[in-house]
Structures are given as C-alpha cells and as structure tokens.
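Enquirer: Residue numbers (the UniProt record's numbering), protein chains in the order written: chain R, 1 to 271; chain E, 1 to 245.
Check the hints yourself; a few may be wrong.
[To be verified] Simulated DEER-style distance windows between Cβ atoms: (1) E139/R - Q221/E: 28 to 36 Å; (2) T203/R - D156/E: 53 to 61 Å; (3) S181/E - E173/R: 41 to 49 Å; (4) P16/E - H221/R: 52 to 60 Å; (5) Q230/R - N139/E: 31 to 39 Å; (6) E155/E - G201/R: 57 to 65 Å; (7) K115/R - R199/E: 53 to 61 Å; (8) P219/R - S224/E: 50 to 58 Å; (9) L225/E - F97/R: 21 to 29 Å; (10) K115/R - N97/E: 19 to 27 Å.
[Stated by the list, open to error] Short derived list, chain E residues pointing at chain R, Cβ under 7 Å: (11) G15; (12) Y95; (13) W99; (14) D101; (15) N103; (16) E109; (17) N112; (18) R116.
Hint data in this document are derived by calculation from the structure and do not stem from the laboratory.
All values reported here derive from a predicted model rather than from experimental measurement.
Just so you know, even glycine gets a beta-carbon here, dropped at the ideal spot from N, CA and C.
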Amino acid sequence: MFRNQYDTDVTTWSPAGRLFQVEYAMEAVKQGSAAIGLRSKTHIVLGCVNKANSELSSHQKKIFKVDDHIGVAIAGLTADGRVLSRYMRNECINYSFTYESPLPVGRLVVQLADKAQVCTQRSWKRPYGVGLLVAGLDESGAHLYYNCPSGNYFEYQAFAIGSRSQAAKTYLERKFENFTDASRDDLVKDALMAIRETLQGETLKSSVCTIAVVGVGEPFHILDQGTVQQMIDAFEIVGEQEGPDAAAGQEASAEPEQGAGAGEGVAPMDI
Amino acid sequence: MNFMASKQPENSLLGPEADSQRTLYPYVTGTSVVALKYKDGILMAADMGGSYGSTLRYKSVERMKPIGKHSLLGASGEISDFQEILRYLDELILYDNMWDDGNSLGPKEVHNYLTRVMYNRRNKFNPLWNSLVLGGVKNGQKYLGTVSMIGVNFEDNHVATGFGNHLARPILRQEWHENLSYEDGVRLLEKCMRVLLYRDRSAINKLQIAKITEEGMTISQPYSLKTYWEFSAFANPAQGAVGTW
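This is chain R alone, in the form it adopts within the complex (with noise of 0.2 Å):
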C-alpha cells in the first residue's frame, strides 16, 4: 500500500469509498506472528507462533481465556489485544453474576465488533491494530470466529492470521472437511501441523508454540510444553514424510498474500 492523501484520518473516505486507516489496521494484523484456530463439532483449537524479541527475553502471551467456555488468539499489536481481552473477560463476568449462566460466544463475539466499529467512526480515535480468533461454547454448539479492526466478523471452521498464516490457510483448506467429526486429538495434531506450515522450515518444538484447547466438558486451558512436545513428537515422524509436498504447495500460495491489500478493486473489509 502506498500514502496518499486520503489516509491521515480514520473518519476520510477515498474517492474509492474506501477508509485507508481501517485497512492500515489490517496490516498491522498480517505483520504480528501467526495465530490458528480449527473446530470440530465439540471442540476448538487455538494455537499461535511465539516471537520473542531476543534469547534474553521471554515471549508475548497471545492466548488469553476469557471465561471457562471462550479463548482467544490474537494477532497484530498485542497492547490492543489485552485491552480487548480484558474488555471480553470483563463482558463474560458481568454476565455470568446476573444470569448464573455462560456468555453465549456469539453474542460476544458481536458486541466486540461493534466495540471496534466505534473506533472506526471517530475521529479522535484509531482502530485497534490486533485480529482476534475467539473460540467458544454456545447452546448450538462449538464456534470459532474472526474480528477483525474493521469492526467485521466471520464465523470460521478453521482459519489463520498474522504473518505466513497463508501457508497455514492452504493446509487447513486441504483438512478442514475431516474437521467437523475429527477427535479432540486429531484436532489439536491438526493445529500443530498448521502453525508448523508458517514456520517454513524450522523445526517445531513447543517452546516456539502455544495450543489451547476448549470443549464441550473441556474448560478453556492452555496445554502445558509437555504435552504440546509429546503430541510433536508423536506425529514428527509421519510429517517427513509429508515435508516435500508441503513446500512445494507452499512456493506457488505464498506470493499472493502480502500483495492482496495493495491491488485496486476490493477492499479487503469488504470480504
């Protein structure tokens, strides 16, 4: 994307009728580290590349449970993502204590969107730069969804963000009909198999990756590096196998994804 003059504020349209802040916000999603979330018809998976600045340092915390029955994963500037989760937890609480009852995440989930439309339409404001894959519980069932700065949001089967989640997506468009009747399991081996797709070549250990799990009869957990690394090193041995025709597809799906907010026509909120 390149400056222009209709990009200062977040209240100027284009003449293309298009709000150029709101889509810088989007980018700032693509430029954070991967995040991954898939769901079966009883459980959802979160799972997240951790970036850390240095050796010296530990990494950002990007998973965040936000009730017993709702998680979320985040990708961009994660100060928004912290304000936002504790926006969330606060949201389910209030709730929880009047009704004695879960937060439907669907209702969530929209009011979320509407909190980051807000930030769309004022001038004094800015749209908060960070993409959220919120997993939850509701009465129909498991859901995982997409928020988006714009203020949209998408009910997903499964989905990535951040940085190289496009090599993620081509793996989990291949899977993602398996999805709904796979085993907790196989879901969360999925997940890890995914977010090793945007390592592109470098190993996957549990220390550079974060899974959380939430079910029906799960509450919402982060899985311990222990676990994580068994379930590695469970499926590693197939995945050599597998390795060579992953790249390849890779190569081919990889050039278009940085690219796609640049091209004239279709602004990307507009999906």
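Following the hints, complete the assembly by docking chain E onto the known chain R.
Expert: Just chain E now, kept in the frame of chain R:
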C-alpha cells in the same frame, strides 16, 4: 438559627420528603402462589384476588404470566410492583429476542436476573414488594425457584409464597414425589389451594392453574374449588378453645 443544615442531593431516598418516593407499605396485594415440579414440567396455582387492605377489592387479577418461551412467573404482594417487574422482563426478553441468534434466556437466567433486581432494590431501601415464583422447562431441564422482596432466592421441587409456605408446603413435603402425573399434580395443588381458601382470609374462591412444559405454557380458565362448610368443628369453632374467635 441555621448552622449549615446538611443538604441531601435531589435524588436521595433519605429524609422525610423522600418517603413518598419509595415503597414503605404495599397497597393492593395478592396472596399465596403455590407451584410444584411434575413429570413434564411445572404446575403453578394462584387465586385471582387483589386485596386492598382487608377488603377483597379486585377479583380478576391474573397473578401468573408467561415470560419468553420457557418461563412462567407467579407473584404475590403488591400488584403494581408485579406489573413493574413484568415491564422489566418484557424489555429483557425483547432484547434477548433481538439478538435473533438461536440462544434464549431460560428459567434459570430469568430467576437470577430477578434475584439481582430484587436484591439491589432492597439495598436502596426501595423494594419491589413481591414474593416471586419462577418456573420453566428448557432443553428437558425443569426449573422451579423463588425470590423474595429482600432478595432471598432458592430452587426446590415445590415452592410457595406467603401463607402457602405455612399451609401448603407441609402438605407438599408429605405428598410430593418425583414424576407426578399431570392429574396428580393438579389434585395436589387443589388440595393446597383448598386449605388456603379455608384458612387464609385474603384468599378468594376463584383460581387459575398454569402449566409449563417443553412444548409451552397454558393457563386454565378461572374456576372455583368445591368447599364444604358443614364440618361440625366449623359450627362451633370456640368449643375446643374457649376465648378464641
């Protein structure tokens, strides 16, 4: 001489002038509500009387109303406060329906919402002068609970308000059991209502029985119970207790 008289803010509920702004006594009141769980759902009974002190002034007051798709609310106490509660719940259900998303507030959620409302009003010394019974069925789960004007709330297999607690609950404790049939449930409720009719002077012989199941809610047309006043003990009530009235 006025040494800096302490001034209340305009909306305060303290001080003599504010007394007209908050509920101190009830005026038009309903008497007991009795309810029990049975095989398919909840049965609830209440008479149709609205008393103005000791006068039985209004005789067609509906003290049980459906709430949303899954719940039934019965109230005793101040009728105008019951109407206010119905307005709160109407708004609550409206917003719930406006989400249009397949989720809906069930009886447990409504009961807890009412508990919060009643307790918060009590804390402001401006109570809604009611005892409420909330029953319903959602996803096969039966729910029956009660909230008082001071926010005391609990669930049970059978509940009652007011005089019902003293006269009906002992009968229910003896005779209620799991999986009552509809006919047995109605018979049991009528037994309770008959005792209340004999012994509660605010009760009138015109009642409704409401039923709520997974399918929905129905409320009977008003009817009367058969009573028998020729018991010999009624003929000379003071016989066994000289000086009583």
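Enquirer: Checking each numbered hint in turn, tell me which of them this model violates, lowest number first.
Expert: 3, 9, 11, 12
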